[in-house]
Amino acid sequence: MIAIEDLRKIYRMGNVEVRALDGVTLDIEKGEFLGIMGPSGSGKTTLLHMLGLLDEPTSGRIVVDGIDVGILNDYERTMFRLYKLGYVFQDYALVPDLTVMENISVPAMLRKDRTEEQYRRDSHEILQKTGLWDRRDHLPRELSGGQQQRVSIARAIVNKPDILFADEPCANLDTENSRMVLDLFREINEEMKQTIVMVSHEDWHKDYFHRIIHLQDGKVVSDGKNGTKQS
Amino acid sequence: MGKKELKVAFLLALRSLQRGGRSSVILTILIIGMCFTNMIFLPSLFNGIEQSITKQLVDYEVGNVLVSPKSGDQYVTDLDATLSLINGMPGVERATPHYTEGATFTYRKRVLGVSVRAIMPDDEKYVSPLYTKMIAGSYLGESDTGEIIIGKPVAGDPTIREEDEFQPSLGGVRVGDSVTVAYANGYTRDYRVKGIYSTGWSQADSAAYVSWTDMQQVIGQPLDKAHDITVKAKPGYSETFVKNELIQYGVADKVQTTGDLLSKVLGTAFQSFAIINMVSLIVSIIITTVVLFIVITIKTLNSRRQIGILKAIGVDKEVIMHNYGFQVIILAIFGIILGIIVTLLLAVYMSIHPVTTPAWSATLYLTPMDLLMNSLILFAAAIVAGYVPAYQVSREDIQTAMRA
Numbered sequence: 001m002i003a004i005e006d007l008r009k010i011y012r013m014g015n016v017e018v019r020a021l022d023g024v025t026l027d028i029e030k031g032e033f034l035g036i037m038g039p040s041g042s043g044k045t046t047l048l049h050m051l052g053l054l055d056e057p058t059s060g061r062i063v064v065d066g067i068d069v070g071i072l073n074d075y076e077r078t079m080f081r082l083y084k085l086g087y088v089f090q091d092y093a094l095v096p097d098l099t100v101m102e103n104i105s106v107p108a109m110l111r112k113d114r115t116e117e118q119y120r121r122d123s124h125e126i127l128q129k130t131g132l133w134d135r136r137d138h139l140p141r142e143l144s145g146g147q148q149q150r151v152s153i154a155r156a157i158v159n160k161p162d163i164l165f166a167d168e169p170c171a172n173l174d175t176e177n178s179r180m181v182l183d184l185f186r187e188i189n190e191e192m193k194q195t196i197v198m199v200s201h202e203d204w205h206k207d208y209f210h211r212i213i214h215l216q217d218g219k220v221v222s223d224g225k226n227g228t229k230q231s
Numbered sequence: 001m002g003k004k005e006l007k008v009a010f011l012l013a014l015r016s017l018q019r020g021g022r023s024s025v026i027l028t029i030l031i032i033g034m035c036f037t038n039m040i041f042l043p044s045l046f047n048g049i050e051q052s053i054t055k056q057l058v059d060y061e062v063g064n065v066l067v068s069p070k071s072g073d074q075y076v077t078d079l080d081a082t083l084s085l086i087n088g089m090p091g092v093e094r095a096t097p098h099y100t101e102g103a104t105f106t107y108r109k110r111v112l113g114v115s116v117r118a119i120m121p122d123d124e125k126y127v128s129p130l131y132t133k134m135i136a137g138s139y140l141g142e143s144d145t146g147e148i149i150i151g152k153p154v155a156g157d158p159t160i161r162e163e164d165e166f167q168p169s170l171g172g173v174r175v176g177d178s179v180t181v182a183y184a185n186g187y188t189r190d191y192r193v194k195g196i197y198s199t200g201w202s203q204a205d206s207a208a209y210v211s212w213t214d215m216q217q218v219i220g221q222p223l224d225k226a227h228d229i230t231v232k233a234k235p236g237y238s239e240t241f242v243k244n245e246l247i248q249y250g251v252a253d254k255v256q257t258t259g260d261l262l263s264k265v266l267g268t269a270f271q272s273f274a275i276i277n278m279v280s281l282i283v284s285i286i287i288t289t290v291v292l293f294i295v296i297t298i299k300t301l302n303s304r305r306q307i308g309i310l311k312a313i314g315v316d317k318e319v320i321m322h323n324y325g326f327q328v329i330i331l332a333i334f335g336i337i338l339g340i341i342v343t344l345l346l347a348v349y350m351s352i353h354p355v356t357t358p359a360w361s362a363t364l365y366l367t368p369m370d371l372l373m374n375s376l377i378l379f380a381a382a383i384v385a386g387y388v389p390a391y392q393v394s395r396e397d398i399q400t401a402m403r404a
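One line per chain: the protein sequences are A and B, in this order. Using the numbering used here, read the first sequence as starting at 1 and increasing by one per residue. Using the numbering used here, read the second sequence as starting at 1 and increasing by one per residue.
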């Protein structure tokens with residue numbers, strides 16, 4: 001599904017060169033629930049942003065579903081994100097002036113292959129699935145952190161993306177809400193065969209992942225269930 | 001940009017205005033409304049002054065076309081023939097002559113120099129609304145002799161002391177009173193004041209009118225000459241048409257339209273008005289553009305992370321740009337509507353309480369075209385002011401925006 005070859009991202013801070021990613025090579029299979037773990041500054045979020053087309057690598061190649069995303073122009077990358085990818089951010093990143101229903105519907109409204117009836121039905125289904133139907137007319141500020149993150153997940157999957165990216169989605173949540181969010185991810189992964197790539201630094205999240213990649217200093221230091229397979 | 005993208009951009013814009021900072025929305029609309037009012041108020045007032053001066057000049061001084069003596073002559077001579085000729089021309093409603101004599105008025109202990117204008121009262125009604133401006137007594141009759149009508153400032157106010165008067169008067173003449181008039185040619189007679197008028201035009205109000213018949217007695221011979229003839233055009237006929245007709249028909253005197261006279265007499269003043277109008281317009285547009293630019297720039301800077309998120313989830317930069325564009329359009333529409341309402345209310349107020357000076361009185365002169373043009377100019381300025389920062393921020397890369 002995703003093939004990454006020798007991915008590098010180098011930032012320059014004055015005369016200092018920071019290698020955020022230093023030659024990452026790996027494949028991600030369809031339907032996998034992949035965890036990316038590692039200490040702070042290891043390059044987890046940078047890798048997620050590269051995979052999610054939110055940033056461009058200094059060198060290397062990313063192929064998603066046979067498409068080399070490095071050759072896409074700005075508009076094509078935007079459309080690729082809209083049609084094929086979904087995102088859940090650490091701080092929920094909802095539009096504060098839109099209701100739950102509107103937040104979820106925005107990406108679906110933009111797709112040219114969806115009629116109004118279809119995206120309304122999809123939004124309705126997702127809200128039912130995430131337990132937010134009763135909150136559909138509320139604004140984000142009227143919801144708890146856990147509810148907001150569920151809205152963020154609902155928005156990410158309403159377009160039925162090929163890959164769902166989650167960047168430390170439980171970082172701002174307590175254990176109970178974190179478990180609720182992770183259970184939802186597991187459910188989506190199992191029922192919809194949804195490929196999920198999630199960044200986390202919590203050890204107990206490992207139970208949910210099919211496969212875990214450990215990064216350190218921008219390099220993959222282990223790859224496998226519970227990080228057993230050494231790279 | 002397809003329909004769906006525009007729909008999402010509009011939804012984002014509408015919700016931002018509905019659920020974002022309400023006070024900033026109201027203040028922005030208020031600023032646009034005030035800028036619109038500022039843009040249109042001064043030019044409308046100047047237009048009102050121009051219109052008022054023009055109308056009063058036409059009504060009380062020159063008509064639509066003025067026939068005055070040739071260069072070197074003091075009078076329009078052969079008056080009867082000239083009047084018959086002009087009155088018979090196509091496009092001429094009526095021509096009426098004026099003859100003016102300087103005189104000294106004496107009433108009780110007050111003495112005042114006043115111009116006495118001789119008119120043909122019935123013909124004058126076709127050319128001037130003087131007969132509708134009587135505030136006491138009545139208008140002149142065609143064969144009145146020994147009777148005079150005087151302007152309100154000439155009559156004066158008995159409650160105001162002489163030293164407190166804005167301009168000298170006869171100190172409170174009333175209808176029926178007798179005023180002694182000594183003409184420059186030495187003829188003196190007592191007149192009964194038949195009426196007092198107030199036109200709002202200082203030159204007319206500072207004068208007095210007698211009938212043509214009466215003036216013939218004053219000069220002691222038939223009066224077949226005039227200082228000028230004012231010509232009223234029939235509805236649908238232009239001043240220039242009438243002027244050209246007069247010249248073609250052989251009127252040998254100087255023939256000028258109101259436009260000709262205005263460009264000579266008040267051309268510089270009207271040009272100054274036009275310059276002030278232009279400065280006022282440009283300043284208002286700059287203020288509106290800068291204010292909207294600042295408002296939208298602050299909005300976009302405060303929403304940079306949100307813009308980054310929207311781009312991340314697949315919202316195209318054009319949608320984001322149009323989101324802010326629509327916000328400006330909505331703000332501009334409401335601002336312009338508010339501006340139109342305020343301007344119309346001011347126009348109503350000023351029609352009840354006009355700006356009055358001793359020389360003229362004026363109201364706001366507004367046309368639908370003025371409102372439309374100013375609305376379009378302000379609207380265009382608002383769009384430029386809104387789209388520039390929106391364009392800039394929508395092109396920022398996702399990482400930079402999300403880190404904001």
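For the record, the hints were derived by calculation from the structure and aren't laboratory data. Just so you know, these numbers come straight off a predicted model, no measurement behind them. Errors might be hidden in some of the hints.
Said to hold, decoys possible - Below, in silico cross-link-like pairs of lysine-lysine (DSBU-like), each with a Cα-Cα straight-line distance of 35 Å or less: (1) B:K264 to A:K30; (2) A:K193 to B:K70; (3) A:K160 to B:K7.
Claimed, not checked - Cβ pair distances, simulated, as ranges: (4) B:L14 to A:R186: 26 to 32 Å; (5) B:Y349 to A:R121: 19 to 25 Å; (6) A:H138 to B:V384: 36 to 42 Å; (7) B:L27 to A:I71: 34 to 40 Å; (8) B:L14 to A:E176: 54 to 60 Å; (9) B:L14 to A:Q118: 18 to 24 Å; (10) B:M1 to A:D137: 40 to 46 Å; (11) A:A171 to B:Q399: 16 to 22 Å; (12) B:S361 to A:D137: 41 to 47 Å; (13) B:I298 to A:D207: 33 to 39 Å; (14) B:Q399 to A:W204: 42 to 48 Å; (15) A:D207 to B:V290: 53 to 59 Å; (16) B:V384 to A:W204: 50 to 56 Å; (17) B:A380 to A:G70: 21 to 27 Å.
As the list claims (entries may be wrong) - Okay, the calculated bits of chain A under chain B, using three or more residues with CB under 8 Å as the criterion: (18) 49-58; (19) 89-96.
We put the CB at the ideal spot given by N, CA and C, even for glycine.
Evaluated hints:
1. With a CA separation close to 88 Å, the supplied pair B:K264 and A:K30 exceeds the 35 Å bound.
2. The straight-line distance between the Cα atoms of A:K193 and B:K70 is roughly 103 Å, outside the 35 Å bound, and the hint therefore fails.
3. For the proposed pair A:K160 and B:K7, the alpha carbon gap of about 22 Å is at most 35 Å, so the pair holds.
4. Taken as a hint, the range 26 to 32 Å is violated for the pair B:L14 and A:R186, whose Cβ atoms sit roughly 38 Å apart.
5. One distance hint, 19 to 25 Å for the beta-carbon pair B:Y349 and A:R121, is violated here, with the actual separation near 57 Å.
6. A:H138 and B:V384 have their C-beta atoms about 37 Å apart, which keeps the hinted 36 to 42 Å range intact.
7. Range check, B:L27 to A:I71: Cβ separation about 48 Å, and the 34 to 40 Å hint is violated.
8. Take B:L14 and A:E176: their Cβ atoms lie about 36 Å apart, and the range 54 to 60 Å is violated.
9. As the Cβ distance of B:L14 to A:Q118 is approximately 23 Å, the hint placing it in 18 to 24 Å holds.
10. Under the hint 40 to 46 Å, the C-beta atoms of B:M1 and A:D137, about 29 Å apart, miss the expected range.
11. Between A:A171 and B:Q399 the C-beta distance comes to about 19 Å, which sits within the given range of 16 to 22 Å.
12. Remark: the range hint 41 to 47 Å for B:S361 to A:D137 is contradicted by a beta-carbon distance near 58 Å.
13. Evaluation of the 33 to 39 Å hint for B:I298 and A:D207 yields a failure: the beta carbon distance comes to about 46 Å.
14. At roughly 30 Å, the beta-carbon separation of B:Q399 and A:W204 lies outside the given 42 to 48 Å, and the hint is violated.
15. In this structure the hint that A:D207 and B:V290 lie 53 to 59 Å apart at CB holds, the actual value being about 58 Å.
16. The hinted range of 50 to 56 Å is satisfied by B:V384 and A:W204, whose Cβ atoms lie roughly 55 Å apart.
17. Distance hint check: the CB atoms of B:A380 and A:G70 are about 42 Å apart, inconsistent with the given range 21 to 27 Å.
18. Counting residues of the stretch 49-58 of chain A whose C-beta lies closer than 8 Å to any C-beta of chain B gives 4; at least three are required, and the coverage claim holds.
19. Coverage of the stretch 89-96 of chain A by chain B holds. Counting CB-CB distances below 8 Å, 4 residues qualify, and the rule asks for three or more.
Going down the numbered hints, you'll see the structure goes against 1, 2, 4, 5, 7, 8, 10, 12, 13, 14, 17, while the others check out.
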